[in-house]
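Chemist: Chain by chain, the residues run as shown.
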Amino acid sequence: MTEKPFSRRLLLAGGALGAGAAAFALNADLVSRVALTGAGKLTLSAQRLLLGRGALAREFGEKDISPTFRVNGTSRPESEDYARLAEGNFADWRLRIDGLVDRPMELSLADLKKLPARTQITRHDCVEGWSAIGKWTGVPLGLLLTAAGLKPGARYAIFYCADELEQSFDGSGRYYESIDLVDAFHPQTILAYAMNNADLTVGHGAPLRLRVERQLGYKQAKYLMRIEIADGFGRLWGGKGGYWEDRGYQWYAGI
Amino acid sequence: MTDKAGRDRTLQSRTVLVRRHSLVTRITHWLNAVNLLLLLMSGLQIFNAHPELYWGQYGADGDPAVLTIGARETESGLSGFIRAGEAELSTTGVLGVSRSDGEPTVRAFPAWITLPSYQDLGAGRGWHFLFAWFFVLNGLVYLSSSFLSGHFRRNLAPVRGQFSLRHLAREIADHARLRFPEGDAARHYNALQKLTYLIVIFLMLPAMLLTGLTMSPGMDAALPWLVDLFGGRQSARTIHFVTASLLALFVFVHVAMVVLSGPWNNLRSMVTGQYAIRYREPRS
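First to last, the sequence lines map onto chains A and B. When the letters of the first sequence are read in order and numbered with my numbering, they come out as residues 1 to 255. When the letters of the second sequence are read in order and numbered with my numbering, they come out as residues 1 to 284.
Among these hints, one or two may not hold up.
Listed next, the stretches of chain B that the computed footprint assigns to chain A, with coverage defined by at least 3 CB atoms under 8 Å from CB atoms of chain A [unchecked claim]:
| no. | region |
| --- | --- |
| 1 | 119 to 133 |
| 2 | 152 to 160 |
| 3 | 213 to 223 |
| 4 | 226 to 239 |
Some chain A residues near chain B, calculated using beta-carbon distances under 10 Å [claimed, not checked]:
| no. | residue |
| --- | --- |
| 5 | 50 |
| 6 | 114 |
| 7 | 128 |
| 8 | 137 |
Calculated directly from the structure, the hints in this document are not laboratory data. Just so it is clear, CB atoms sit at the ideal spot from N, CA and C, and this is done for glycine as well.
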């Protein structure tokens, strides 16, 4: 079979490609932003479809624990308030849970340690590419949220941290993170106060950090001070739901 | 009798145009070329965020590395290197240290080959995953259409004896002398082409996708066998990098072969589908 060198189909394909290129040339920024956001949403939907609500991250044995676990991000929050709390061994520290909940609460470290705990040996994957395996002990977040009671409209848990990665007047340099309720109620999502059988060190987020095991390291917020249940996070600083998200990283960090 | 160019003058050549590539093959080929280029460039941007590779379940600074691209201060300024095991190679100017805005800068891969050119891991990831989706969709179109049309069975499956060591050795010798098939032999892929394309299509590209997915903590929870298949997330990351390097090598050789065996004829066949085959026949 022979074919004319430039068939109509080829011409049409060329035309479509040309139109795409023209749209890109006219507004490259908009086109790429729409494409990148679309791909991110597609990734989240596809992974949620495969994951369901309950699929667990792999749990390892004691012998698999990394000999050293790299301290990343903030190694010690600089504020005077945090220094005072650390000096008192976090006896005066309280975790506030508020927002769209029926019963807002304030919990001390001792309160948290009295609650049922979960211990898990999991792999921590940094967005940069490295991994470390550690053992975490803490309170399942779902337990606390059930106790607090969610109000209608609740969709996200927002985590406010004590550390500031960038000096700022408006607080936009403060670390914060957010997850949706699928991850918030996941059995491996815990508020960890211990790592490798010892109290959490300052470098790893003392007194309390989030573990949300099916996502990357920047989701594992350290130095937790407050958890707000909300219907969205657009009103906060950059509006993207987290410190790194406001700086161009993907909100969904399961990939 | 031979003429000045050494050709046998008792033979005359006749050129026949045949239809070499289907429309689906042509379109998916070029889309794949664009996707792979952008995946490579954004992938190197991501690699630059932590230019060290490990083997096993975990690996970070301080753990034994199988490959490192780095930089160190020397008396004559910054010096870049690549290290694999005990072996180390100085790569200043390209790997480890390269010029960015005129200044020697510490970065594993140079600005001209990463997307974006400046250091921006978040943007690099965004582009990588966007083109990964394009790559997968394009690949699915190619695979399903080629299975249904019989492309693989007809054009890529070896015929009897074609993959024997003896036959392959002869083809390698022919390729090394830049002797390419003519006449009826040029109507079909030779054994080296078939073997290479089969390895790329059914081994390397799927390995890229699967090792890429293994780096995703979400996918590891959904499909735990992925981690076992590659022996850990860090092994998968290393295999992803090595396979990408081998793919880059494949593209280099592929383009070299296109150029050496008749660039215009080859390019035309991948654009319009028409491929010219030369027959030499006795003069009548």
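Chemist: Each hint: holds or not?
Modeler: Hint check results:
1. 119 to 133: holds (count 10)
2. 152 to 160: violated (count 0)
3. 213 to 223: Coverage by chain A holds for the region 213 to 223 of chain B (9 residues, Cβ < 8 Å).
4. 226 to 239: holds (count 4)
5. 50: holds, 4 Å
6. 114: With Cβ-Cβ at 30 Å, over 10 Å, it is violated.
7. 128: holds, 4 Å
8. 137: Because about 19 Å separates residue 137 of chain A from the closest Cβ in chain B, which is outside the 10 Å limit, the hint is violated.
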